[in-house]
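Colleague: Letter by letter, the chains look like this.
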Amino acid sequence: MTDRAKIAINAFKEQIDGAVSAYLSSCVHCGLCAHACLFFNETGDPRYTPIHKLEPLRRVWWSEYTLFGKLALLVGLAPKVTEELLAEWQELTYNACSLCGRCSMVCPVGNDIAGMIRKQREGMVAAGYSPDGLKGASTRAVKIGSPMGVTWKAVAAQIGHVENDTGLQIPVDKDGADYLVLMSSMEIMNYPEYLEAIARIFSEAGVSWTLSSQAFEATNSGIQIGSSDIARELVSRIVAAAEKLGVKTVISPECGHAYTALRWDGPNLIGRPYKFKARHILEVLDELRAAGKLKTEGFEEERMTFHDPCQLVRRGGVLEQPRRLVKMVVKDFVDMPEAGKMNWCCGAGGGVSAIEEAGELKLTAFNAKKRQLEAVKPDKLITACANCRIQLEEGLEENNMDIPVIGLTELLAEHLVETGKAEG
Amino acid sequence: MTTVAFLDFVRGPLFQIAVAIFFAGLFIRFVEILVLGRKTDFSEPRQSGTGAGFKTVFSRSVPEAGTFKRSAFTIIAGYVFHIGLFVALVFLAPHIALVRDTTGLSWPNLPTPVVDFATVAAIGALVAILVNRMRDKVLRFLTGFEDYVAWTATFLPLLTGYMAFHHLLLRYELMLALHILSVELLLVVFPFTKLMHTFTLFLSRWYTGSAFGRKGVQS
Ligand code: SF4
Ligand code: SF4
Numbered sequence: 001m002t003d004r005a006k007i008a009i010n011a012f013k014e015q016i017d018g019a020v021s022a023y024l025s026s027c028v029h030c031g032l033c034a035h036a037c038l039f040f041n042e043t044g045d046p047r048y049t050p051i052h053k054l055e056p057l058r059r060v061w062w063s064e065y066t067l068f069g070k071l072a073l074l075v076g077l078a079p080k081v082t083e084e085l086l087a088e089w090q091e092l093t094y095n096a097c098s099l100c101g102r103c104s105m106v107c108p109v110g111n112d113i114a115g116m117i118r119k120q121r122e123g124m125v126a127a128g129y130s131p132d133g134l135k136g137a138s139t140r141a142v143k144i145g146s147p148m149g150v151t152w153k154a155v156a157a158q159i160g161h162v163e164n165d166t167g168l169q170i171p172v173d174k175d176g177a178d179y180l181v182l183m184s185s186m187e188i189m190n191y192p193e194y195l196e197a198i199a200r201i202f203s204e205a206g207v208s209w210t211l212s213s214q215a216f217e218a219t220n221s222g223i224q225i226g227s228s229d230i231a232r233e234l235v236s237r238i239v240a241a242a243e244k245l246g247v248k249t250v251i252s253p254e255c256g257h258a259y260t261a262l263r264w265d266g267p268n269l270i271g272r273p274y275k276f277k278a279r280h281i282l283e284v285l286d287e288l289r290a291a292g293k294l295k296t297e298g299f300e301e302e303r304m305t306f307h308d309p310c311q312l313v314r315r316g317g318v319l320e321q322p323r324r325l326v327k328m329v330v331k332d333f334v335d336m337p338e339a340g341k342m343n344w345c346c347g348a349g350g351g352v353s354a355i356e357e358a359g360e361l362k363l364t365a366f367n368a369k370k371r372q373l374e375a376v377k378p379d380k381l382i383t384a385c386a387n388c389r390i391q392l393e394e395g396l397e398e399n400n401m402d403i404p405v406i407g408l409t410e411l412l413a414e415h416l417v418e419t420g421k422a423e424g
Numbered sequence: 001m002t003t004v005a006f007l008d009f010v011r012g013p014l015f016q017i018a019v020a021i022f023f024a025g026l027f028i029r030f031v032e033i034l035v036l037g038r039k040t041d042f043s044e045p046r047q048s049g050t051g052a053g054f055k056t057v058f059s060r061s062v063p064e065a066g067t068f069k070r071s072a073f074t075i076i077a078g079y080v081f082h083i084g085l086f087v088a089l090v091f092l093a094p095h096i097a098l099v100r101d102t103t104g105l106s107w108p109n110l111p112t113p114v115v116d117f118a119t120v121a122a123i124g125a126l127v128a129i130l131v132n133r134m135r136d137k138v139l140r141f142l143t144g145f146e147d148y149v150a151w152t153a154t155f156l157p158l159l160t161g162y163m164a165f166h167h168l169l170l171r172y173e174l175m176l177a178l179h180i181l182s183v184e185l186l187l188v189v190f191p192f193t194k195l196m197h198t199f200t201l202f203l204s205r206w207y208t209g210s211a212f213g214r215k216g217v218q219s
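Residue numbers (the working numbering), protein chains in the order written: chain A, 1 to 424; chain B, 1 to 219.
Source of the hints: derived by calculation from the structure; they are not laboratory data. A quick note: this is a predicted structure, and the numbers were derived from the prediction, not measured. Idealized CB from N, CA, C, for every residue including glycine. There is no bait here: all hints are sound.
Which bits of chain B does chain A cover? Going by a derived footprint, with three or more residues having C-beta under 8 Å, they are:
#: 1; segment: 23-37
#: 2; segment: 71-79
#: 3; segment: 191-200
So the derived list for chain B, only partly shown, Cβ under 8 Å to chain A, looks like this:
#: 4; residue: Arg46
#: 5; residue: Gly66
#: 6; residue: Arg205
Turn these sequences into a full structure, and let the hints steer you where they fit.
Modeller: Here you go:
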């Protein structure tokens, strides 16, 4: 056996727990997961059947953790995990899976297939079978502090603009603030509206908050490429900054996987609970709404719908908040078919957006979203993930569909009742 | 060997061996799964996963609406087969008698026509499932040797049982012996194939249901 294959096998072994073993023992090859997966549905390629994407992990499980498998391995009859196999499965593990988790909701025996694909990535990346785009993003995230190479300088520049435009002061590195606000590079680069919206809403609500020059980036390429080591390094920076400032809550921005990384995976990566709470911005806004601290005026004239980011909703549990918030400012709100926890992925989650070779595939996968949109014909599309947003905008443009996309936080800020009392 | 001697052998020592392999196999498989355990989850739960886990154990038996539309045949045929098999296995008078004789437990049987209907339905569904497996693009792609082994091991007891009960084709004693033999085959391959899903699916649903549940998602 070659070294790379051996590295992968050992990494897979570390990932196999009781749940994985139960899952792989239970699969009856019924094929239902295929029809839940946008990559299969939109291409018709049976190789994209979710459970099939797990062949390398399955082989290791069978030959290492089952009696018959072990015997077969002894006499050399167990199917092998080779470099060729891993190379072939790289595409299936990364390009053709957005970790959206739809398959995990429909499997009749209850397998969390998406969770296993995430685990399989650990072995793939350890042995070097991961896409260049994600490798680059991870390297930049570790070295520069952001997958897109954004530095604090860019954030500081944006702070300057927002302060100029709003007359508000953006707090930075403020000890003892209640909330630490994080951003995604995408927001720093492409959607400066986010920071402005936060500044205005929080100022009105009288919330004590801060940015941190030590930890401003919420996205976590380690989660996407599937490397716990990288993911741990990135999340530790946030934890260190948050615990040093002594904030009560860290707010994940409008980004799905950043939320998963911070809210659900983070404590397990560092091996202990946080000393603060981790929340998504929509959860915080919904709490402010409930406390009467988020007041809006007026309604949108147009027909609008909401795209549920997979990591936020299906995999994250922020189900009700988006709709409660949307309904504050949108009268003609309509849900797409299968919206909510069975929503169809935009096609570019789970790191797919960073994989150049997946460019065509992700646009094909977008057809699932296209059909959903055609069913309700909205004038505008709201979402709460900058990564979804980029893909949605690209997909809509590719299909000549004239539907502007807007972030929910930003939309709420447009309707904010402002009394004018500006405080940091 | 005479037919009667063959029958005695099959339902005597051979049956005991098969049952022993079956239970030993189940034990091994469960130990293999459970010793691996699951790491403690340090994230702050939105709610306890226990209730959601239990709920998923049951709710996964009901297909999600969109999935039902997309895979209606697989789901309906699956239901018919599983219910038919269950009725034939649990409510046929001779099966109950066998359990009573070995364990002392007993429950009322269902009338022969009902069990008959269930058995024929299960056989029909299994045949349809097999044909679909060879026809459907995804299923043909996924199906391997083990799937055919599992199918055959399930199909034979149903078929031979039905034929023995109705004294078809062969002499009753011989058909009965074949029926028992096919059950023994089933018992022996059961723990080492995906037939294990009969039991492990409860673990799978529990693991998924409770993990999703603590995040606030009923799966
Ligand atoms: S839906 Fe579940 S049981 Fe069916 S093929 Fe997929 S993983 Fe296997
Ligand atoms: S997680 Fe989503 S993209 Fe990945 S295999 Fe499952 S359904 Fe397909």
